[in-house]
Amino acid sequence: MQQDSVDAIKAQPQYQKLVRSRRRFAWTLTALILIIYFGFILTIAFVPTVLGTPVAPGAVTTIGIPIGVLIIVSAFVLTGVFVFRANGRFDALTRAIQEDLE
Amino acid sequence: MIRLSRLGILLALLTPVALLAGPAVSGAVDRQAINWPAVYMFLVFVLATLSITYWAARRTYSAKDFYTAGGGITGFQNGLAISGDFMSAASFLGITGLIFASGYDGLIYSIGFLVGWPVIMFLIAEQIRNLGKFTFADVSCYRFSQTQIRTMAAVSSLVVVAFYLIAQMVGAGKLIQLLFGLEYWMAVVTVGLLMMIYVIFGGMTATTWVQITKAVLLLSGASFMAYAALSAFDFSPEAMFRQAVEIHPEGLAIMAPGSLVTDPINAISLGLALMFGTAGLPHILMRFFTVPDAKEARKSVFYATGFIGYFYILMFIIGFAAIVLLAQHPEFFRPEALAADGAVLKDQLIKGLNGGTNMVAIRLAEAVGGDLFLGFISAVAFATILAVVAGLTLAGASAISHDLYANVIARGRSNEGTEIRISKIATFCLGLLAIALGISFESQNVAFMVGLAFAVAASANFTVLVTSIFWRKMTTRGALAGGVVGLISAVVLTVLSKAVWGDVLGHTAMVGGNEVSVGLIGLNNPAIIAMPLSFFFIWIVSLLDNSPRAQQERLAFEAQHVRCETGIGAEGAASH
Numbered sequence: 001m002q003q004d005s006v007d008a009i010k011a012q013p014q015y016q017k018l019v020r021s022r023r024r025f026a027w028t029l030t031a032l033i034l035i036i037y038f039g040f041i042l043t044i045a046f047v048p049t050v051l052g053t054p055v056a057p058g059a060v061t062t063i064g065i066p067i068g069v070l071i072i073v074s075a076f077v078l079t080g081v082f083v084f085r086a087n088g089r090f091d092a093l094t095r096a097i098q099e100d101l102e
Numbered sequence: 001m002i003r004l005s006r007l008g009i010l011l012a013l014l015t016p017v018a019l020l021a022g023p024a025v026s027g028a029v030d031r032q033a034i035n036w037p038a039v040y041m042f043l044v045f046v047l048a049t050l051s052i053t054y055w056a057a058r059r060t061y062s063a064k065d066f067y068t069a070g071g072g073i074t075g076f077q078n079g080l081a082i083s084g085d086f087m088s089a090a091s092f093l094g095i096t097g098l099i100f101a102s103g104y105d106g107l108i109y110s111i112g113f114l115v116g117w118p119v120i121m122f123l124i125a126e127q128i129r130n131l132g133k134f135t136f137a138d139v140s141c142y143r144f145s146q147t148q149i150r151t152m153a154a155v156s157s158l159v160v161v162a163f164y165l166i167a168q169m170v171g172a173g174k175l176i177q178l179l180f181g182l183e184y185w186m187a188v189v190t191v192g193l194l195m196m197i198y199v200i201f202g203g204m205t206a207t208t209w210v211q212i213t214k215a216v217l218l219l220s221g222a223s224f225m226a227y228a229a230l231s232a233f234d235f236s237p238e239a240m241f242r243q244a245v246e247i248h249p250e251g252l253a254i255m256a257p258g259s260l261v262t263d264p265i266n267a268i269s270l271g272l273a274l275m276f277g278t279a280g281l282p283h284i285l286m287r288f289f290t291v292p293d294a295k296e297a298r299k300s301v302f303y304a305t306g307f308i309g310y311f312y313i314l315m316f317i318i319g320f321a322a323i324v325l326l327a328q329h330p331e332f333f334r335p336e337a338l339a340a341d342g343a344v345l346k347d348q349l350i351k352g353l354n355g356g357t358n359m360v361a362i363r364l365a366e367a368v369g370g371d372l373f374l375g376f377i378s379a380v381a382f383a384t385i386l387a388v389v390a391g392l393t394l395a396g397a398s399a400i401s402h403d404l405y406a407n408v409i410a411r412g413r414s415n416e417g418t419e420i421r422i423s424k425i426a427t428f429c430l431g432l433l434a435i436a437l438g439i440s441f442e443s444q445n446v447a448f449m450v451g452l453a454f455a456v457a458a459s460a461n462f463t464v465l466v467t468s469i470f471w472r473k474m475t476t477r478g479a480l481a482g483g484v485v486g487l488i489s490a491v492v493l494t495v496l497s498k499a500v501w502g503d504v505l506g507h508t509a510m511v512g513g514n515e516v517s518v519g520l521i522g523l524n525n526p527a528i529i530a531m532p533l534s535f536f537f538i539w540i541v542s543l544l545d546n547s548p549r550a551q552q553e554r555l556a557f558e559a560q561h562v563r564c565e566t567g568i569g570a571e572g573a574a575s576h
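Protein chains in written order, with our numbering: chain E, 1 to 102; chain F, 1 to 576.
FYI, nobody ran anything at the bench for these hints, they're computed from the structure.
Just so it is clear, the structure is predicted and the values come from calculations on it, not from any experiment.
Backbone N, C-alpha and C define an ideal beta-carbon position, used for all residues, glycine too.
Possibly wrong hints are sitting among the right ones.
Footprint (simulated), chain F over chain E, 3 or more residues, beta carbon under 8 angstroms [said to hold, decoys possible]: (1) 14-20; (2) 45-52; (3) 57-65.
The following block holds chain E by itself, in its conformation from the complex (with noise of 0.2 angstroms):
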């Protein structure tokens, strides 16, 4: 790419938003995930027993049965979130600002 159409774009508001937001929201899923699953093994590694109580009184199922399911959820909604916003805000930003350098 030729300095000049660098300089072109970075000047443009639409790529400094697109930067700027993107940035913004992978950082944030990032640190959720990362929360999520050292939470997960923080918990493992200091109080055990927490996840080995009883979803219910008397039932066998515990409740780390449907936490680690639901952590394994959470990593594919979590995907699907980002897939959402990036093919639409992102991908529509990018396209603008593709045409603006036209």
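Fit chain F to the supplied structure of chain E, relying on the hints for placement.
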């Protein structure tokens, strides 16, 4: 004893793609009688994959075809292929075995493998698609010295691939001995030769479609198994758990975290390696270049996360159901595991299973689907190994031909024909090497190798990659220092850990009257030290670097950043 063998499983499971460890596969394996239905079904799979390779070979001309399947794979197809790389024989047989033996602990592992994917999605998937061409080293050295950073990235790729490949080949040989009754060396040679054929003739196109075929077969087979198993409990998980707790020697303990994750430092270190190691595996990262643009790269991670998550939930059901259902089949157990009335003794449920806990999924297939389904699942397990090994070899060959040859030795002046020829020769040599090492490591303890591959991927590949994408002030010297420090510290700390120092080099100590193998350090996985060290050296050396080249590299970040964010100028992109 049980605890030690679990540790073996744990180490082997450090990789999703690695083959099994555990008592059955890490030690000597009793050869079984030849399993004919499995052999026939495997032959059908081989014929199908060879036709795919023939078809792929006729559309593989350019370097782009060879490395990236021409860039024409859709997000959905790539998602399947990626999940295929992940849904390995280790996940399938190892995790079901782990759940069978210790219950909830198996779920902890599955989760560790899965949560790396969102990170890949948010931080590197579309970025590397926009910046790279054929390998992740294209991205690592985008604005840095081609010679130094590319060489370093290629070397650490090859280290990851080599350790992975050895573990795969050894696991393949032992597993196939168990499943098919073939001799160890025959199994290793078969895997090596078939993998060479796929990659040399069909390149990434064949490798991808073989992986997709296998992923579909494995997902269908596992879905059927989980469905059939759950139907035995009228689809009530509570009923399944209740009966499992009654039968299992550890009782209610299988419903909660057990002995696998105990001290916080090792737990976090393992978590880091699992999460960020995935984001540094060369054969996985290479798949992002097979899709046409960033949008498809994104979609492929979404589909892959869905398939992998679904698969791990199936594994959880299969492992728990097996506790109840296998106990109803005394013929799966060794004679000494049975009581006088022919029932399975409670304390022999885990230890007495013929072939070890790695055979849990296979035995359950037999229990719910008979001989034919057993043959199908065994053939799928073999196919899984083949597909994964092919992907690894292609990644290794690309590091040699695209990174080391075309960009370092020939300094970008090679022609495409030569580059493809080199990559085919590299594949051939890697294949021969994999066969030779697979045979010579037969009786070695290889459980540490996959852990090491993941640790190097997290501490050398991922750290340099992610910093080069996001940090303006990084320089060649910083990248080189961080990458080398990450690579060396991961290797050294692994050598000093129990898995190598104790289990391989034979250092032992007396603990509570028993002689147990020990490490020089208590850390089982180096990531918690090696990753921060690598980041620290990237940071400090880059900041201290005031060479004229460093100034230029910082200026070059702007152009890299614009391309990374917008995809303008990306390889094969539709932008103009």
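Please name the hints from earlier in the document that this structure breaks, with their numbers sorted from lowest to highest. Failing hints: none at all.
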